[in-house]
Amino acid sequence: MAQLNTEHLSLVIDQVSKDKNIDRSLVIEAVEQAILAIARRNIGSGYDLEAHYTEETGEIEVFMFKEVAEEVKNDKTEITLEDAIEYDADSHIGDSLGLKVEKNIYGRIEAQVAKQIIFQKIKEVEHKNIFDEFNLRKGEIVNGLVRKVEKSMIIVDLGKTEAVLPKQDQIFSEVYKSHDRIRAVLSDIKMEKGGPKLILSRASDEFLIKLFESEIPEIYDGIVKIVKVARAPGFRSKVAVYSNSRDVDPIGACVGIKGFRIQNIINELRGEKIDIIEYSDNPAKLASNALSPAEPSKVSLNSQAKVITVIVPDDQLSLAIGRQGQNVRLTSKLTDYKIDVVSESKSAKKDIEGYKMLMDIPGMGDIIARSLYQSGYSTAEIIAGADSEKLANDLSVDIKKADKIIQSAQDLLNRLQSDLELKERINREIN
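Quick note: the sequence shown uses the UniProt record's numbering, first residue 1, plus one each step.
FYI, nobody ran anything at the bench for these hints, they're computed from the structure. Keep in mind that this is a model prediction, so the values were computed, not measured. You can take every hint at face value.
30 angstroms max Cα-Cα, derived DSS-like pairs, lysine-lysine: (1) 306 - 356; (2) 306 - 401; (3) 306 - 404; (4) 190 - 177; (5) 346 - 298; (6) 128 - 20; (7) 177 - 197; (8) 151 - 190; (9) 210 - 148; (10) 148 - 128; (11) 285 - 350; (12) 401 - 390; (13) 128 - 193; (14) 148 - 177; (15) 167 - 333; (16) 228 - 390; (17) 333 - 285; (18) 18 - 123; (19) 356 - 400; (20) 298 - 390; (21) 148 - 190; (22) 273 - 258; (23) 225 - 210; (24) 197 - 121; (25) 404 - 423; (26) 350 - 306; (27) 338 - 225; (28) 350 - 298; (29) 228 - 298; (30) 121 - 100; (31) 273 - 177; (32) 138 - 18; (33) 338 - 228; (34) 306 - 225; (35) 356 - 298; (36) 349 - 306; (37) 390 - 346; (38) 20 - 121.
All chains should be built: construct the whole structure from the sequences, respecting the hints.
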């Protein structure tokens, strides 16, 4: 069988270090471990062995370490003082003595076995280097070539390694073939048994944000900030932005001259529509901005129910809702509120009905009823459960007046409940 001469290791180490772009010391460590594994196989188990590469000679020496003892109980790990002195005249009881193993035991080893061990160790180093390098790039956009298209993923060649673009991270309308160029965000990296696994995404909000950073200097520099993103990959995205500088229009900075900047992003996303919205910390204002190009005639906020009611002209209802409700869904995601879009005609009818219901509350006057309804207190149940201080503030009345309104609503509900119970009791007696 072919043999590997350890006397030529220096050339092998240099070549592997250069070819694999691995630090020379790591290659030496891998070779030492390989030689040590062979030595242990040839010598047997139970010995304390170490392998050391000597730069001056370009060779590896293997040492067997034994403790100097008065009485030897284990000849694999212990040596008598008398025997130790033969190797080192300054030996003492308790010393650890390194005995050089004769080279013929390991010096000409099976080449195939040695190479397998060395390559395995080097592969581990390569995997660690790749993991460390790309772990620092997590969250960045990477460029690659499509190597293979599978049913559940696309395998992408990044040069030094490969990555996967899972089905759920692809934009559904995109079709790729082998050797196509592709850009995606490195969303995650995991060290698995076979090496590092790099996971890419083109469907994530993160990818869209990184595209904005790469195309818009004001965002990269932090002058304009992306606050929130709502995305339906391949269809439409809404990006809420604001400017840290009064001199910079956040929307204009994102759009660019003649729309050049935003068009680059749209092209990368294969035509996905992008709405750039001026951010507001007022959810109602943000919802109004996000529903553009529809122009709401009124927006009301119910913070307790987490609902924003948007009233639009009848001829803009479908525009505000969007195709298959997409505009409303994205606005809801952007604001974290349920969005209820109502036409002006339906709202007017609802106002009349709601006003009539509130007028059933004992002692309710016309002005207070209208004020309650317009402030989002549209039912007796909502009023009965309201906080008196908030109600007083919303209606611009004093606490006593607010408490009286709440009590009146509670009295009405109690009366209705009593009437319902009485009706049920009568029905039971009749039946």
